[in-house]
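The letter at position 167 of the sequence shown is residue 371 when you use the working numbering, and the numbering goes up by one with no holes.
Take the hints with a grain of salt, since some may be wrong.
As the list claims (entries may be wrong) - Computed spacing ranges between beta-carbons, pair by pair:
| no. | residue 1 | residue 2 | range |
| --- | --- | --- | --- |
| 1 | N254 | D353 | 39 to 49 angstroms |
| 2 | D353 | I259 | 32 to 42 angstroms |
| 3 | L214 | I377 | 47 to 57 angstroms |
| 4 | L214 | D312 | 28 to 38 angstroms |
| 5 | E374 | A308 | 49 to 59 angstroms |
| 6 | E247 | I377 | 52 to 62 angstroms |
Hints in this document: simulated from the structure, not taken from any laboratory. Positions of the beta carbon are idealized from the N, C-alpha and C atoms, including for glycine.
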Amino acid sequence: MAIDLKGKVLRRLRLPTTDYNSTPVQITPAQQGDLNSRYFQIEMYDDRGNIDLSIYDTVVLSATTLGDDVIISEGQITDGKVIVYLSGGMLEEKGRLSCDISLAGVNDDGEKVLLTSQTFFVQIARSQAISDGVVNNENYHILVSLIRDVREMQMVVKELDEHLRKSEGEREIAEGVRRSNETIRQSAEAVRNSKLC
Numbered sequence: 205m206a207i208d209l210k211g212k213v214l215r216r217l218r219l220p221t222t223d224y225n226s227t228p229v230q231i232t233p234a235q236q237g238d239l240n241s242r243y244f245q246i247e248m249y250d251d252r253g254n255i256d257l258s259i260y261d262t263v264v265l266s267a268t269t270l271g272d273d274v275i276i277s278e279g280q281i282t283d284g285k286v287i288v289y290l291s292g293g294m295l296e297e298k299g300r301l302s303c304d305i306s307l308a309g310v311n312d313d314g315e316k317v318l319l320t321s322q323t324f325f326v327q328i329a330r331s332q333a334i335s336d337g338v339v340n341n342e343n344y345h346i347l348v349s350l351i352r353d354v355r356e357m358q359m360v361v362k363e364l365d366e367h368l369r370k371s372e373g374e375r376e377i378a379e380g381v382r383r384s385n386e387t388i389r390q391s392a393e394a395v396r397n398s399k400l401c
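Work the whole structure out from these sequences, hints included.
See the structure below:
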């Protein structure tokens, strides 16, 4: 299933798998408290150029927090590039996350293959919109989910309201046709009665 990047922040990176010493360490900014909105599109390369990732079927972004907790999120490979995201748990606390990408698969000889990128860092800035107490509260993600649910319900109500207005307009037109037909019927009935007399 393809990851939908609509409305998401996408950061493109090129990460080496060899010669780390001559490659600058990548540092990417993010905001505390963001949820399911920050994605990476990563090209992995070696001394020959971009690595063919077609043998890999598992992609994982691993992030180590300042408290040495390791949090992972699963990704995918699309068009020869790795797509991964920063989960809400990774962005709960301000500070620096140490991250890398791990790929697992099986080569043509049936051997298991594991590949890990160079480490890169995500610098999480304190959000001005929410306080540390709110973000770190165990109910924060429930609140965010409820707000999203309310917005979705508002959209459904708006769609139903538009449908109701359209239906009411159609009903008024049908009522006008019915009245016109009733007038015609009454006129025809009056003509028929006058011919009988």
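Margin query: Under the constraints set out in the numbered hints, which ones does this structure not fulfil?
Written below: Going through the list in order, the structure violates no hint and respects every one.
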